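Protein chains in written order, with this note's numbering: chain C, 288 to 632; chain B, 288 to 632; chain G, 288 to 632; chain U, 288 to 632.
Misleading hints may appear alongside valid ones.
The list makes no distinction among identical chains, and a pair is therefore deemed to hold if it is satisfied within one copy or across any two copies.
Simulated crosslink set (EDC-like; lysine to aspartate or glutamate; CA at most 16 Å straight-line) [to be verified]: (1) 358 <-> 322; (2) 358 <-> 314; (3) 547 <-> 363; (4) 547 <-> 314; (5) 358 <-> 300; (6) 355 <-> 322; (7) 490 <-> 372; (8) 490 <-> 433; (9) 355 <-> 372.
It should be emphasised that the hints constitute simulated quantities derived from the structure, not laboratory data. Fair warning: this is a prediction, and the values are worked out from it, not measured in the lab.
Chain residues, written in single-letter form:
There are 4 protein chains.
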Amino acid sequence: MIVAMSHTASEEDIQGMMARLRQDGYDGQINRGVERVVIGVFGTGFAPEYPETLENLPGVASVTRISKPYKLGSREFQPHDTIIDVSGVQIGSGDFVVMAGPCAVESREQVMTTAEAVAASGAHLLRGGAFKPRTSPYSFQGMGEEGLQILSEARARTGLPVITEVMEPEEVETVDRYTDVFQIGTRNMQNYPLLRRVGQMRKPVMLKRGMSATVEEWLMATEYILAEGNREVMLCERGIRSFDTTLRNTLDLAIVPMMKRLTHLPIIVDPSHATGKWYLVKPAALAAAAIGADGIIVEVHPDPDRALSDGPQSLTPANFADLMASLEPIVAATGRRLCSAVAAV
Amino acid sequence: MIVAMSHTASEEDIQGMMARLRQDGYDGQINRGVERVVIGVFGTGFAPEYPETLENLPGVASVTRISKPYKLGSREFQPHDTIIDVSGVQIGSGDFVVMAGPCAVESREQVMTTAEAVAASGAHLLRGGAFKPRTSPYSFQGMGEEGLQILSEARARTGLPVITEVMEPEEVETVDRYTDVFQIGTRNMQNYPLLRRVGQMRKPVMLKRGMSATVEEWLMATEYILAEGNREVMLCERGIRSFDTTLRNTLDLAIVPMMKRLTHLPIIVDPSHATGKWYLVKPAALAAAAIGADGIIVEVHPDPDRALSDGPQSLTPANFADLMASLEPIVAATGRRLCSAVAAV
Amino acid sequence: MIVAMSHTASEEDIQGMMARLRQDGYDGQINRGVERVVIGVFGTGFAPEYPETLENLPGVASVTRISKPYKLGSREFQPHDTIIDVSGVQIGSGDFVVMAGPCAVESREQVMTTAEAVAASGAHLLRGGAFKPRTSPYSFQGMGEEGLQILSEARARTGLPVITEVMEPEEVETVDRYTDVFQIGTRNMQNYPLLRRVGQMRKPVMLKRGMSATVEEWLMATEYILAEGNREVMLCERGIRSFDTTLRNTLDLAIVPMMKRLTHLPIIVDPSHATGKWYLVKPAALAAAAIGADGIIVEVHPDPDRALSDGPQSLTPANFADLMASLEPIVAATGRRLCSAVAAV
Amino acid sequence: MIVAMSHTASEEDIQGMMARLRQDGYDGQINRGVERVVIGVFGTGFAPEYPETLENLPGVASVTRISKPYKLGSREFQPHDTIIDVSGVQIGSGDFVVMAGPCAVESREQVMTTAEAVAASGAHLLRGGAFKPRTSPYSFQGMGEEGLQILSEARARTGLPVITEVMEPEEVETVDRYTDVFQIGTRNMQNYPLLRRVGQMRKPVMLKRGMSATVEEWLMATEYILAEGNREVMLCERGIRSFDTTLRNTLDLAIVPMMKRLTHLPIIVDPSHATGKWYLVKPAALAAAAIGADGIIVEVHPDPDRALSDGPQSLTPANFADLMASLEPIVAATGRRLCSAVAAV
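Take these sequences, add in the hints, and give me the full structure.
Here's what the structure looks like:
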């Protein structure tokens with residue numbers, strides 16, 4: 288940590304800072320330049336808010352943290368890639384993974400039709416929401432546990448492991464009985480009680496980026512899960528909020544290769560929520576593969592025009608088959624391959 | 288709702304749209320212009336996602352909702368101002384209300400000192416957090432129920448009603464035993480299970496704006512509380528996320544008079560979180576009064592340099608006394624007055 | 288255009304609106320719904336600000352424009368793709384185009400070395416700035432006309448056509464003597480006198496998206512050039528400004544296929560400015576190809592650590608050769624091909 | 288400047304950095320901590336891009352600039368406030384200044400009516416645009432020099448000095464013949480040839496903040512004017528671009544007291560462009576006074592519903608009179624006063 292004193296700081300300010308540092312258990316080294324004094328602070332484990340506390344002391348111009356505030360998720364902590372095994376699907380292994388299914392579970396028939404279609408086209412996981420966070424209280428809120436049972440039945444039939452969203456700590460145990468991967472949605476990225484609760488489980492978690500979360504906030508949220516002992520966390524870029532409303536969100540695709548440098552955790556891309564328009568899902572998915580994402584999660588619905596949620600961004604089964612056919616050569620062109628198909632049960 | 292057909296739409300597309308509307312229980316009126324056909328759709332209670340569903344149908348250029356998606360919180364639904372009585376403090380009455388206290392409850396002594404100081408300077412409510420949502424799992428997370436007991440004791444001593452944050456549905460009952468107003472923080476603005484739970488209580492709620500929440504999303508979140516039957520909701524503008532990181536957040540002050548037009552609910556401003564710097568709290572608070580906010584909520588700490596949370600944005604008791612002295616003439620200049628002092632117990 | 292009257296609008300308000308419309312030369316059709324009156328306005332050529340003018344009249348709830356405000360650049364105006372021929376390089380033809388070269392022209396030797404290297408690796412155009420818009424007046428501002436002469440010499444030697452930035456109307460004629468394509472930078476996207484001036488030339492223009500320009504603003508800026516008669520305009524997505532500062536900008540890649548639907552003009556992607564980091568340029572460039580961009584423009588410098596401008600985002604010639612080798616299979620995987628090499632002079 | 292080496296940096300990397308620093312004329316001091324080496328770099332006048340150049344060298348984790356990149360505009364350079372005298376109106380003196388007039392000059396009659404009205408209500412300067420930067424080429428583009436003559440005539444009649452926008456370097460001399468203050472609009476904040484040109488004049492300049500300009504970029508743009516020798520620069524906060532489109536822009540009011548700490552230049556607020564709605568102009572203007580701005584610039588039109596530009600955000604003369612009456616007590620409540628009236632000619 289570097290404390291830059293103001294060019295008007297007095298000797299008393301400088302000594303006051305040194306005394307405060309020693310009092311807090313740290314060691315400082317004074318560098319006297321022509322214009323100002325700069326103090327290097329040695330030690331580890333600074334509380335995240337410590338820099339701004341020091342910045343408030345007399346005579347301080349700025350305080351700069353050198354070490355990153357996240358730990359367990361960082362490449363420095365673990366140089367090798369985390370690989371998460373979900374019933375034989377290796378996420379983060381270099382192979383490209385495709386998760387597909389409806390936005391919301393609406394009926395047994397809808398889920399079965401979709402699950403069989405996406406399995407036939409080569410999807411690796413089945414997605415589907417039973418508990419839905421909706422912007423309006425007057426929208427369809429999901430089928431609840433009945434929806435989880437339907438997903439579970441679809442898994443039995445197709446062999447596809449299931450990923451589904453959990454919205455509150457109390458629901459975690461219920462969802463755990465049915466799902467293979469917990470999904471934490473964008474609105475809950477900083478729902479800390481929920482993060483801690485899934486951190487206590489021993490099952491993979493996919494943490495979506497908050498709508499306006501910086502990379503650092505996203506990785507700090509991840510830290511809540513990792514610190515509870517659950518190391519099987521994957522991240523999901525699903526578009527961020529920007530000034531332009533042409534698309535539903537702004538897909539921050541270039542962050543994917545940056546994240547691969549900062550963290551050892553797998554990164555999934557959600558082109559459906561990012562764009563909000565079904566006809567942009569395929570090009571965005573191809574770009575996600577080209578830029579090095581570990582996989583995608585896409586919405587598929589047998590009849591998007593009648594979907595209770597996110598119809599406009601849902602692919603039909605035929606669109607999905609076309610996407611899978613187009614993905615293969617792109618993935619191959621980057622020297623990787625699609626994850627091998629999971630054996631049907 | 289207005290459906291504008293594309294200029295290349297066929298007669299079949301137009302009739303298909305009319306059929307779909309009738310099937311969904313609505314009535315449409317066709318307007319044939321020179322360039323395109325526009326269909327006015329009559330009816331009420333469109334599901335929030337209905338426009339985007341229609342937009343996906345063949346030959347449609349755009350669908351525009353005319354009515355606002357929020358209801359109970361809108362001025363159209365209730366033209367007169369909602370006034371919330373908190374132990375005699377009338378919030379939303381036109382009088383200006385000041386809530387003050389520490390960011391986090393750290394100790395009995397810290398809270399008592401602060402509470403007595405802010406009461407002496409004329410504050411109307413005591414704020415303080417016992418459950419703290421912190422960006423890092425390695426930061427101080429709050430004292431929990433013990434903190435609530437301390438706040439309760441401070442109320443007994445000063446007569447100031449208490450406002451404190453609740454972070455998860457399971458905590459609502461515990462917090463309810465101690466607080467006078469529930470605070471929902473910015474990270475939980477779209478934590479729907481939590482919103483529903485406080486909506487079931489019969490105690491005022493202050494809902495902070497999400498970091499990147501549009502006005503419509505903010506009012507839709509409010510709707511979750513109102514729809515459960517709790518009509519005592521006040522809103523809090525606490526700064527939004529923008530591209531500029533000079534300040535902690537960007538205080539969207541001009542939205543305050545706009546909100547007063549859109550909703551009948553009181554609007555509070557939080558200049559502490561908005562700016563992140565104690566020396567900007569006073570000017571921002573004065574501006575909040577001048578622009579027509581119903582009150583402010585500010586952080587006060589007896590020793591900000593030692594605060595466990597948000598020290599850099601906390602006022603000292605002396606700073607707070609100065610703020611109160613400066614507020615009075617500004618409030619008077621807008622033809623209003625500070626809320627009358629609450630009788631000490 | 289649709290005028291929705293407020294549900295409290297009086298009959299006088301409605302008739303006043305009809306009178307105003309007629310006075311302004313338009314025809315309105317009244318639709319009387321249960322809750323409110325909606326007026327369809329027929330006619331063409333509404334001034335861009337006309338909707339907000341009407342919105343200000345008594346009893347109006349909202350005014351919605353149905354037609355897009357841009358014309359000449361829209362797909363509706365011209366359904367087929369614009370193909371721009373630059374000395375035999377067909378931009379927008381489906382083939383993928385690569386423009387490469389230094390950020391700034393620094394010396395004759397630097398440009399020759401770079402130009403020969405990128406030509407050898409298969410680049411199609413040579414980029415390089417002689418007039419540089421720098422955030423600071425204390426930074427290197429470019430070599431001016433001498434730099435243009437160097438670029439011109441590099442074209443003679445390599446056969447690569449030149450693209451270079453022009454910053455003010457007065458410079459347009461000078462730059463015209465040397466360049467093959469005018470580049471308008473992000474800071475000048477709404478420099479209207481400059482846009483008009485290049486619009487009067489008969490030479491292709493590449494218009495970069497403004498840092499916080501919406502799609503509509505970008506296309507409206509394009510309209511300034513097209514309306515002067517110059518129809519050879521290509522657009523360049525170079526990253527927008529968002530709340531996250533991890534990267535230099537946020538590459539809005541998903542907008543590329545959306546732009547292809549809205550406009551017939553070619554779209555180029557600039558992965559160098561978008562990311563600001565050389566090691567992200569290759570993955571971002573591959574993604575640009577996968578998502579359907581018409582080409583890329585990248586910065587290459589023989590010694591990035593000594594570059595006078597944008598060193599950190601510049602590729603070395605070896606990095607660039609590697610990028611070209613990696614691009615080819617991705618472009619092929621999307622069913623396209625790299626533009627055929629230009630014959631050296 | 289502080290260079291933090293990565294924890295994996297080799298001794299060769301460290302010595303390489305020291306050699307590079309010496310080669311570039313700087314001196315470095317090595318601090319060896321437990322986890323990493325940190326190098327303090329002494330010297331002044333680092334080029335703005337120097338930190339990112341160093342960041343690219345082997346073994347470097349991050350480079351932090353301690354000194355601000357702007358100089359002449361900073362409080363460190365000049366601790367006392369700059370006061371700009373415009374025909375007797377002292378801007379930046381502590382007194383509050385009001386500039387008012389139409390968005391665009393539309394006719395002689397419109398300007399005279401408006402000028403007389405705002406003068407009668409106590410305005411200090413007359414605003415009005417003769418050259419208009421419009422988003423669309425199909426909108427009214429201003430009356431040009433004829434408009435300047437009308438403004439000049441209005442000054443003669445009312446005694447109010449004139450502020451008007453200049454859009455390109457070639458126009459500066461023409462505008463100079465008529466105006467008292469040059470206004471640079473938000474779209475031209477980084478039009479460097481234009482900034483340099485007005486920097487060569489000896490007449491005050493008001494520089495509006497770019498739509499997405501950070502504080503640092505804004506002050507760096509100011510530096511272009513100051514560095515040419517023109518020290519009479521005032522800044523204008525006019526709303527920034529955020530994700531919320533409820534209002535035309537997001538008024539960043541809390542930046543005003545922050546700017547007063549960073550720079551000695553006066554700060555004006557434009558509540559008309561910031562909000563885009565006439566009924567928000569008064570509350571936003573009062574807030575600007577309360578937060579410590581040096582003045583405001585507002586749009587007034589005799590018949591806003593017929594204005595050729597920005598009608599919806601224009602006050603009528605009666606609204607303006609009401610604003611002036613309301614401003615006075617707010618300004619007084621902050622211990623300041625409205626600038627004394629200028630003697631009519």
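Cross-check of the supplied hints:
1. 358 <-> 322: The answer is between: 14 Å across copies meets 16 Å, while 35 Å in one copy does not.
2. 358 <-> 314: Neither. Shortest intra-copy (22 Å) and inter-copy (33 Å) distances fail the 16 Å Cα cut-off.
3. 547 <-> 363: For residue 547 and residue 363, only the intra-copy Cα distance (12 Å) is at most 16 Å; the inter-copy one is 41 Å.
4. 547 <-> 314: neither (34 Å within a copy, 35 Å between copies)
5. 358 <-> 300: neither (32 Å within a copy, 24 Å between copies)
6. 355 <-> 322: Only across copies: residue 355 and residue 322 sit 12 Å apart there, 28 Å inside one copy, limit 16 Å.
7. 490 <-> 372: within (10 Å within a copy, 47 Å between copies)
8. 490 <-> 433: Intra 21 Å, inter 33 Å, cutoff 16 Å: neither.
9. 355 <-> 372: neither (28 Å within a copy, 46 Å between copies)
Checked against the numbered hints above, the structure violates hints 2, 4, 5, 8 and 9; every other hint is satisfied.
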